[in-house]
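**Q** Protein sequences, first through last, are from chains Y and W. For the first sequence, counting from 1, position 326 maps to 325 in numbering that gives the first Met the number 0; every step adds exactly one. For the second sequence, counting from 1, position 142 maps to 141 in numbering that gives the first Met the number 0; every step adds exactly one.
Calculated directly from the structure, the hints in this document are not laboratory data. Every value quoted in this text rests on a predicted model; they were computed, and no experiment measured them. Beta carbons: idealized from backbone N, C-alpha and C, even for Gly. Where hints are given, some of them may not hold.
What the simulated footprint calls covered on chain W by chain Y, stretch by stretch (three residues with Cβ under 8 Å from a Cβ of chain Y suffice, anywhere in the stretch; the number is not a length) [to be verified]:
1) 145 to 153
2) 190 to 196
3) 205 to 211
4) 239 to 252
Distance ranges between label pairs, derived from CB positions [to be verified]:
5) Y:L108 to W:V7: 32 to 40 Å
6) Y:V330 to W:S129: 32 to 40 Å
7) W:V7 to Y:T175: 26 to 34 Å
8) Y:G182 to W:T38: 18 to 26 Å
9) W:I55 to Y:V138: 31 to 39 Å
10) Y:L108 to W:R1: 36 to 44 Å
11) W:L48 to Y:G189: 42 to 50 Å
12) Y:V226 to W:G176: 16 to 24 Å
13) Y:R243 to W:R1: 14 to 22 Å
14) W:R164 to Y:L108: 30 to 38 Å
15) W:G4 to Y:L181: 42 to 50 Å
Per the computed footprint, the stretches of chain Y lying under chain W, defined by three or more beta-carbons under 8 Å from a beta-carbon of chain W, are [what the hints assert, rightly or not]:
16) 41 to 53
17) 56 to 67
18) 134 to 143
19) 159 to 167
20) 271 to 284
21) 289 to 303
22) 317 to 326
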Amino acid sequence: MVKTVSGRPGRATAPAGPPRPRSAASPSGRRVAAFIRRHRLTPYALLLPSVLAIGVLVVWPAIEIAAFSFQNYGLPQVMGVQPTQWVGFSNYSLILHDSEFWLSLRLSLIFAAIVVPLTLIVGTLVGLLLNRLGRKMSVFVSSAAMLAWATPAVSASVIFVWLTDPDGGIVDWGLTKLPHWLGGGAHWAGYSWTNSALPAYTLLTVLVLWQGFPFIAVSVLAGLKTVPAELHESARVDGAGSWRIFWKVTYPLLKPIFLVLLLLSIIWDFGVFTQAYIIIGPGNTNEYNLGLYAYEKAFTQPPTYGIASALAFVLTIVLLIITVGYVRSSVRQGAIK
Amino acid sequence: MRRVGLNVLGLLVALVTLFPIFYMVSTAFKPANEIYSLTPHPIPLHPTLSNFRTVIDGSVVGVPYWTFLRNSLIVTLSAVVLSMLIAMLAAIAIARFRFRLRTTYLIMLLIVQMLPQQALVIALFLNYRSWGLLDNLVGLILVYTAFALPVTIWMLRNFVAAVPREMEEAAAIDGAGPFKVFWKIMLPLVAPGLVATSVFAFIFAYNEFVFALTFLLTDVQKFTLPLYVDYFYGRNGANWGAIMAASTLFTIPVMTFFLIVQRRMVTGLVAGAVKG
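The following block holds chain W by itself, in its conformation from the complex (with noise of 0.2 Å):
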């Protein structure tokens, strides 16, 4: 009895976490008369395409939606890779090296986590002025590397301090150098690891708006995913089923991301968090 309670509570929990993602969903395959009706249906009844349509082919904005998405892709993953190349060697030195400073660049990036990004855009807008990185792409990606690095630094250590050192020696006796011990015993072992840490790296810059909204100011061909749905609902005013179709179109990919290595980030995250 006890048991069934608790499952339905649990039940309760996750119907109403889901329901806006639900909706929004939902919202997207109605058609406009099913929108603004007096008693809303949670489940279209005569399902349609015509917001995705309106979306994709960019008619309210001038821009087809495949603009922003590949403007998003580049950004993210090009930021995904550099974070990870640079991750991955802060985290080598840490996990497997005592040296003076090491305290001091832990406590560093500790900090450093917790810096407030709409406190440091203001500089950084000033100094991309002066770098001509506004209204380019390349900033963003830079800045989005940075900023992901405290974190995934810290994910990845966790990761690489768990390889058993005592393989790496047997390779090393075995007469396997430094690149060749790396390559075929820490990368495979970490690789796990590399791709909870990525995907972490990839929501965040994905989900990414502040930096966003300030670098790119006037240059919609280069909007990325998150500025151009704000950009579209400031445009758009009531059309609710377009900005639900695209928020859709925006979601539903880093979601079905973040749920095929769900456990694994997840495990990672909260380590890297609350344990350290």
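Bound-form chain Y, shown alone (with noise of 0.2 Å):
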């Protein structure tokens, strides 16, 4: 089964191939690089150690958070005091007659249909004034945008909490500045934007899209510089606006790339946790999203591991979902190959 890509069986063209007699150090470190030589079991050898890595730390954990969600895991399993007993779907049950579990479900669930379409209208916006850009304004524009993304999630949270500050925040100070028509006005004053959950989301949307538009721009642009510049010319020619040119050149031919930069979105703002962590914080309970809910199961005092595994499993199996969706797309578009 073992071929060089081009076919050819030749083992030249492995460059970190099997390891050579000399420089196995052993008779039996050269007994198994011989070994593996006569098998073919040279790309095996070379995935095993990330293999073993994502195994045991990635892996294994996901599947025992899928035993743990049936089990009665607490604090006196954790201490040895009593053992841990299978007890079927009673954490579940547990979860679904939680009225905390439902509320959380409900902002995470409508904190991700806002911030995934907004992130990519925004993104995609971008990417298009990007494309139009001189390079030099391109460039700096794009440098700019990155550097959004590449803020550190918990500095981003700690300068918008500032920001937001109701002493001596600029947002509040700019509100009250505002025209009345605009919604502005002395009322801003003071306004307290983490008290309840409706401030305290609508913050947690501007942050997130603030770090989120920029890489779905770059993407976007990426893409956008595959297409042929004479299709938007011929279509400019025929008459068509920009408006339709989007939709009747650009999208269709970006339509893959939007596919998993949608999918992406998803996976990644409805399992948003730090950001939510620092600007909701630990004891906000009303104002819990799925993974804050999940977490204080698990680590505030006393800790229940086994509704908490049900918890992350469930997280899991939803965005497990999602992801086929993106792993199928990214096959249909030749990442596989």
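With the hints as a guide, bring the two chains together.
**A** Next comes the structure, spelled out in structure tokens:
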């Protein structure tokens, strides 16, 4: 089965092929090297470290989460005072009867439903803009935007909390200076953005949009570079406006990219944690999204790992379903070649 | 006219995007009376270093800033080196060989990349607890390495695949063994890709918060920078000058680093995420 990509069997094309006998220090090492070569196991040997690392630290925990979600895993079990027992679906039924769960699920869904389209639209618009700017300007604007993307989530969250701080934050100050017909006014003075769900999630939306749109814009720009300029020109000569050109020429060509970006955005925004943790903070249970809710179940005293695992498992399954779409569209685009 | 309009729009996008970062740095240099002034000024009128002094001598947290910087650098650099070594091997395997489980492996990478960290962290925490890896930087290094791998392998494989096979074949005909071909041909040609990929791994590990929050529980001496900034913010309520100074010291290095290799990395990332 093992062939080099070109179909030639030559070992010479394998750059980091099997260890040569002289590099193997011991006779047993030499034997292993010969075994690998004889059975054409080189690619498997090369993959082994990554499979081990990912297997032990990513895949195995995912399997464990599934198992824990059917067990009564709590403090006594961790301390070894009581054994863990399989409890069937009781963790799940506990969750389903918890109003906090439904609240957090609803907040997660609404948040994703708003942020994902918003990020995609703003990102695409900026991508289209970048494509029409001169080279230098385009590099400048995309670099500036990517700085927002590279800002650590912790810093970005702390910055946004400061910008909207009730005492001295520049946003409240700006809103009080805004004319009345734009919704400004003195009632904004000292307005707290983190006290209830609506303003907190508005803040979270702007923050995630700020950090998320640059990646979309740069990806769309990369896609646009592959569209031949003549296509746009001939459409324009035929009298099509920008709106029509986008939907009739650009969008169909970039559809695969948009699909991947859509799926990635859903996965990222539905599972947003760090920003939500810092803005909403531990303790404000009535503003929790799914991630915060699951985290609290696991890591505040007394820990209920079983229930938290059930939540984490639900979150994982939802994201996996979306991931299947992502993988399929990647396969269709020839990513797995 | 149209051109001017577009440029103005572009400048506007850049300004709006840069403003929060600019305001962070600006606040860090402001004395307290300017920070809480009724009419905030974008630029500090009387710039001061006192906020940075508060952060660096560690008078609030009891631990100087350098400790956190050192922890972050140890964890990040180790994770980058480890993940680059492992990813390079894997990238060569999938870019240069055809084998039975290749497609399975690639699909596994795509799926693994999407598993939510805040779900897995629960099981990892329990495992780390029994393996004695809590409050331990080694635990963080391992988990950052593993979680950086899917994307770094994906990115590197594109760079490896772009190296012309003929060059390796020519070297091999001239009598170079596999290791020599790797050192003399593959490595120099993949180096730019290796840089771009390691910057990605660096940013991921340097910025990571959820694992650090969960695995470094009690020992402030072991905190990495993102955890420190969050801790500082939690302990310090309203001392925004110092919080922004801590945040600036944390953010500016990674941004500088990012700007240096920006173009190449963006291309690699986009290729990895979108085109595959």
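**Q** Take the hints in turn and mark each one as holding or not.
**A** A quick look at each hint next to the structure:
Remark: the segment 145 to 153 of chain W is confirmed as covered by chain Y, as 5 of its residues place a Cβ nearer than 8 Å to a Cβ of that chain, reaching the required three. Coverage of the segment 190 to 196 of chain W by chain Y is violated in this model, with 0 residues showing a Cβ closer than 8 Å to a Cβ of that chain against a need of three. Coverage of the segment 205 to 211 of chain W by chain Y holds. Counting CB-CB distances below 8 Å, 4 residues qualify, and the rule asks for three or more. Residue count for the segment 239 to 252 of chain W with a Cβ under 8 Å from a Cβ of chain Y: 6. That meets the three needed, and the coverage hint holds.
Taking the beta carbon of each, L108 of chain Y and V7 of chain W are about 38 Å apart, inside 32 to 40 Å as hinted. Distance hint for V330 of chain Y and S129 of chain W: a CB-CB separation of about 38 Å, consistent with the stated range 32 to 40 Å. Between V7 of chain W and T175 of chain Y the C-beta distance comes to about 28 Å, which sits within the given range of 26 to 34 Å. Here the CB-CB span from G182 of chain Y to T38 of chain W is close to 20 Å, well matched to the stated 18 to 26 Å.
Separation of I55 of chain W from V138 of chain Y is about 35 Å and conforms to the stated range, judged on CB atoms against 31 to 39 Å. At roughly 41 Å, the beta-carbon separation of L108 of chain Y and R1 of chain W lies within the given 36 to 44 Å, and the hint holds. For L48 of chain W and G189 of chain Y, the hinted distance range of 42 to 50 Å is not satisfied, since their beta carbons lie about 30 Å from each other. Between V226 of chain Y and G176 of chain W the CB atoms are about 45 Å apart, so this pair departs from the stated range of 16 to 24 Å.
Take R243 of chain Y and R1 of chain W: their Cβ atoms lie about 18 Å apart, and the range 14 to 22 Å holds. Roughly 49 Å separates the CB atoms of R164 of chain W and L108 of chain Y, a value that falls outside the hinted 30 to 38 Å. Checked against the given bound of 42 to 50 Å, the beta carbons of G4 of chain W and L181 of chain Y, roughly 23 Å apart, lie outside it. Coverage of the segment 41 to 53 of chain Y by chain W holds [criterion: at least 3 residues with CB-CB distance below 8 Å; count 10].
Under a criterion of three residues with beta carbons nearer than 8 Å to beta carbons of chain W, the stated coverage of the segment 56 to 67 of chain Y is upheld, 9 such residues being counted. Restraint check on the segment 134 to 143 of chain Y versus chain W: 8 residues with Cβ-Cβ distances below 8 Å, three needed, restraint holds. Given a C-beta distance limit of less than 8 Å, the hint that chain W covers the segment 159 to 167 of chain Y holds, as 7 residues qualify and 3 suffice. Using a Cβ-Cβ cut-off of 8 Å, 4 residues of the segment 271 to 284 of chain Y lie near chain W, which meets the minimum of three, so the contact claim holds.
For the segment 289 to 303 of chain Y, the stated coverage by chain W holds: 5 residues have a C-beta nearer than 8 Å to a C-beta of that chain, and at least 3 were required. Residue count for the segment 317 to 326 of chain Y with a Cβ under 8 Å from a Cβ of chain W: 6. That meets the three needed, and the coverage hint holds.
Checked against the numbered hints given earlier, this structure breaks hints 2, 11, 12, 14 and 15; the rest are met.
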